[in-house]
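Taken in order, these protein sequences are the chains called A and B. Using UniProt numbering, the first residue of the first sequence is number 1, and each one after it goes up by one. Using UniProt numbering, the first residue of the second sequence is number 1, and each one after it goes up by one.
What the hints contain is simulated information worked out from the structure, not anything from laboratory work. It is possible that part of the hints are untrue.
Claimed, not checked - Listed next, the in silico SDA-like pairs over lysine to any residue satisfying Cα-Cα at most 20 Å (straight line):
(1) A:K165 with A:C113
(2) B:K75 with A:A73
(3) A:K103 with B:S66
(4) A:K103 with B:W57
(5) A:K147 with A:C113
(6) A:K412 with B:H77
(7) A:K412 with B:Y106
To be verified - Between beta-carbon pairs, the in silico distance windows are:
(8) A:K282 with B:S96: 38 to 48 Å
(9) A:K282 with B:W103: 40 to 50 Å
(10) B:Q52 with A:R145: 16 to 26 Å
(11) A:L100 with B:D56: 18 to 28 Å
(12) B:R43 with A:A186: 27 to 37 Å
(13) A:K147 with B:W103: 36 to 46 Å
(14) A:S67 with B:K75: 12 to 22 Å
Glycine included, every Cβ here is placed at the ideal spot set by N, Cα and C.
The chain contents come next:
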Amino acid sequence: MFAGIRLLPVRVPSGSSLTVMFSDLSAQTEGSSLLCRPASEDQGPVFERMSLSYSLCSDQYRVGERSFSRQYAHIYAARLMQMRPLLSERAQQKWGSNVLIRKLCDLQTGEQCCIVGTLFKRMDLQPSILREISDEHNLLPQPARAKYISETDELILEDELQRIKLEGKIDRDKCVTGSVIAIYGAERNDGKFTVEDFCMADLPLQTPRPALSSDRFVLLASGLGLGSSHADSMLGLQLLIDMVTGQLGDQGEQSGAATISRVLLAGNLLSQSTQDKDAATKPKYLTKKTQAGSVEAIRLLDELLLQLVASLPVDVMPGQFDPTNYTLPQQPLHRCMFPLSSVYPTLQLSSNPYIANIDGVRFLGTSGQNVSDIQKYSSMDSHLEILEETLRLRHLAPTAPDTLGCYPFYQKDPFILEECPHVYFSGSAPTFDSKLIKGPDGQEVLLVTIPEFSSTQTACLVNLRTLECEPVSFSAFSADEDEESEMNISH
Amino acid sequence: MTTKHGLITDSFKVVKKARRGGKREKRPSPPPPQREAETETVREKELQKLRQFDLDWRFGPCTGISRMQRWERAKLHGLNPPEEIRWLLLQTHTDSEYSLSLWSEYPL
Numbered sequence: 001m002f003a004g005i006r007l008l009p010v011r012v013p014s015g016s017s018l019t020v021m022f023s024d025l026s027a028q029t030e031g032s033s034l035l036c037r038p039a040s041e042d043q044g045p046v047f048e049r050m051s052l053s054y055s056l057c058s059d060q061y062r063v064g065e066r067s068f069s070r071q072y073a074h075i076y077a078a079r080l081m082q083m084r085p086l087l088s089e090r091a092q093q094k095w096g097s098n099v100l101i102r103k104l105c106d107l108q109t110g111e112q113c114c115i116v117g118t119l120f121k122r123m124d125l126q127p128s129i130l131r132e133i134s135d136e137h138n139l140l141p142q143p144a145r146a147k148y149i150s151e152t153d154e155l156i157l158e159d160e161l162q163r164i165k166l167e168g169k170i171d172r173d174k175c176v177t178g179s180v181i182a183i184y185g186a187e188r189n190d191g192k193f194t195v196e197d198f199c200m201a202d203l204p205l206q207t208p209r210p211a212l213s214s215d216r217f218v219l220l221a222s223g224l225g226l227g228s229s230h231a232d233s234m235l236g237l238q239l240l241i242d243m244v245t246g247q248l249g250d251q252g253e254q255s256g257a258a259t260i261s262r263v264l265l266a267g268n269l270l271s272q273s274t275q276d277k278d279a280a281t282k283p284k285y286l287t288k289k290t291q292a293g294s295v296e297a298i299r300l301l302d303e304l305l306l307q308l309v310a311s312l313p314v315d316v317m318p319g320q321f322d323p324t325n326y327t328l329p330q331q332p333l334h335r336c337m338f339p340l341s342s343v344y345p346t347l348q349l350s351s352n353p354y355i356a357n358i359d360g361v362r363f364l365g366t367s368g369q370n371v372s373d374i375q376k377y378s379s380m381d382s383h384l385e386i387l388e389e390t391l392r393l394r395h396l397a398p399t400a401p402d403t404l405g406c407y408p409f410y411q412k413d414p415f416i417l418e419e420c421p422h423v424y425f426s427g428s429a430p431t432f433d434s435k436l437i438k439g440p441d442g443q444e445v446l447l448v449t450i451p452e453f454s455s456t457q458t459a460c461l462v463n464l465r466t467l468e469c470e471p472v473s474f475s476a477f478s479a480d481e482d483e484e485s486e487m488n489i490s491h
Numbered sequence: 001m002t003t004k005h006g007l008i009t010d011s012f013k014v015v016k017k018a019r020r021g022g023k024r025e026k027r028p029s030p031p032p033p034q035r036e037a038e039t040e041t042v043r044e045k046e047l048q049k050l051r052q053f054d055l056d057w058r059f060g061p062c063t064g065i066s067r068m069q070r071w072e073r074a075k076l077h078g079l080n081p082p083e084e085i086r087w088l089l090l091q092t093h094t095d096s097e098y099s100l101s102l103w104s105e106y107p108l
């Protein structure tokens, strides 16, 4: 029923080397306002949507054999094996090619040298099941915390055989367990290592982005929160879908919508409240006839997806609360959950993390679990800052498997970035934020934190030609209405 | 009567001879154990090499994965694991004493 409306790409004016935002494209043009009389009885113009070349490259995040008999030591070993050559190279770039790179077992007291190793932060407040059991006799219930850092934390560097406590010029609270770094300094008499400087693996090499002739947009949204008890985001969500499918606004807006060539839903499509644990704790005779909350929510999601996939390609990533496996990498949602929309070839169910080349622009991102976990275990608060930090560390999820669920890989650590993305995003963020950063070898990366749609009513649009990003808000009552690039569609 | 006695002694002797014969037949068998012992020492040496490989910390932890998986991981990360180990493992890939690591019998 929605296939009837076709959209053509908007013709960009010749002076379009300037930044072109989506809001400029869809701005109302003279005489085409909805307030004027319809031009004629016939159909009106057809805006055709441009299809982009697309290849999904998330194969490294598909788990084939599922063996859980292994321990996590393998991940840390493989991570260090993979990162050691990269970091040795960075260390030589930074501290001169004749810098002494030592293993901890060869370390001499007082000698200036560089060590490559995995950070471990010993944290008193970190929840530990073993401590809970051992303290059972005089149990003090731990309050739920937003952050687990404290003054007594200790930073330790480990290599294959040994570990050493770190002091000096390294920000203890900012670092997280599992990051592989190179430190420079000397061991003191008391057995601690005084850090004078440290370096991270920094951005990997990037394939150059092709020059695109016209503005094309990818819409990023996250945290739809379907199935929650308060459904106030439903109007915004329907407006979003209507805008993307070209059923909203006048011809100017419709031609603007034609430039949106892909939609990426980054996780948490279902609300946390669909995961009620009542069924597990209540007796069976009470819950026999109740249906899981996620069933109705998935049905709703299927209907919403149907509207979108009839019009343009959609990528669906699972998130923390979605019905797939909990541990990273999360496998794609199963097709059988979407009987209506899965018949369209435009529905692409993908894994979390997600890598794809969209018109030569490499997208990499997660649904946000990795970022919010680092937020809990470090002093960093801004999702954008954490996102940049993980890119500099060249690792998507350093805290996995310590505090973040993760499949026990043994051969290699798939979360190490091998190629630099052009767009690096994370979902379920509290607010929209974006930033263009530059790497040491001329890399250009757009960082985007996609806000949770259910609470902010905001999605964002990435321009593939200029790598710019702007939020699209669908709430008339949003808190930050003064933001200028916001496109308020209110009733 | 005498014939009966004779029969008894005959039968007695036969039994004794049979026993001696049985012992003589068993004596030739020791050589195979010697050959087995030789193969046993070769096997022991090979297993010793594999155990040494297991205990080489450069190639990462060895529990939970097969020796071949560990060898291939080391190769993937450019750590130059000994080719001899791979050859040994390819020869004997059905024998679990060869293919699994030193600690494989211990529960995790």
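The hints, checked one at a time:
1. A:K165 with A:C113: holds, 15 Å
2. B:K75 with A:A73: holds, 18 Å
3. A:K103 with B:S66: violated, 27 Å
4. A:K103 with B:W57: holds, 13 Å
5. A:K147 with A:C113: With Cα atoms ~34 Å apart, A:K147 and A:C113 exceed 20 Å; violated.
6. A:K412 with B:H77: holds, 9 Å
7. A:K412 with B:Y106: Distance of about 25 Å is beyond 20 Å: violated.
8. A:K282 with B:S96: 38 to 48 Å: The hint (38 to 48 Å, Cβ to Cβ) holds, given that A:K282 and B:S96 are roughly 46 Å apart.
9. A:K282 with B:W103: 40 to 50 Å: holds, 43 Å
10. B:Q52 with A:R145: 16 to 26 Å: The hinted range 16 to 26 Å is violated for B:Q52 and A:R145, with Cβ atoms some 47 Å apart.
11. A:L100 with B:D56: 18 to 28 Å: holds, 24 Å
12. B:R43 with A:A186: 27 to 37 Å: violated, 49 Å
13. A:K147 with B:W103: 36 to 46 Å: holds, 38 Å
14. A:S67 with B:K75: 12 to 22 Å: For B:K75 against A:S67, whose Cβ atoms are near 21 Å apart, the range 12 to 22 Å holds.
Consistency note: the structure conflicts with the earlier hints numbered 3, 5, 7, 10 and 12.
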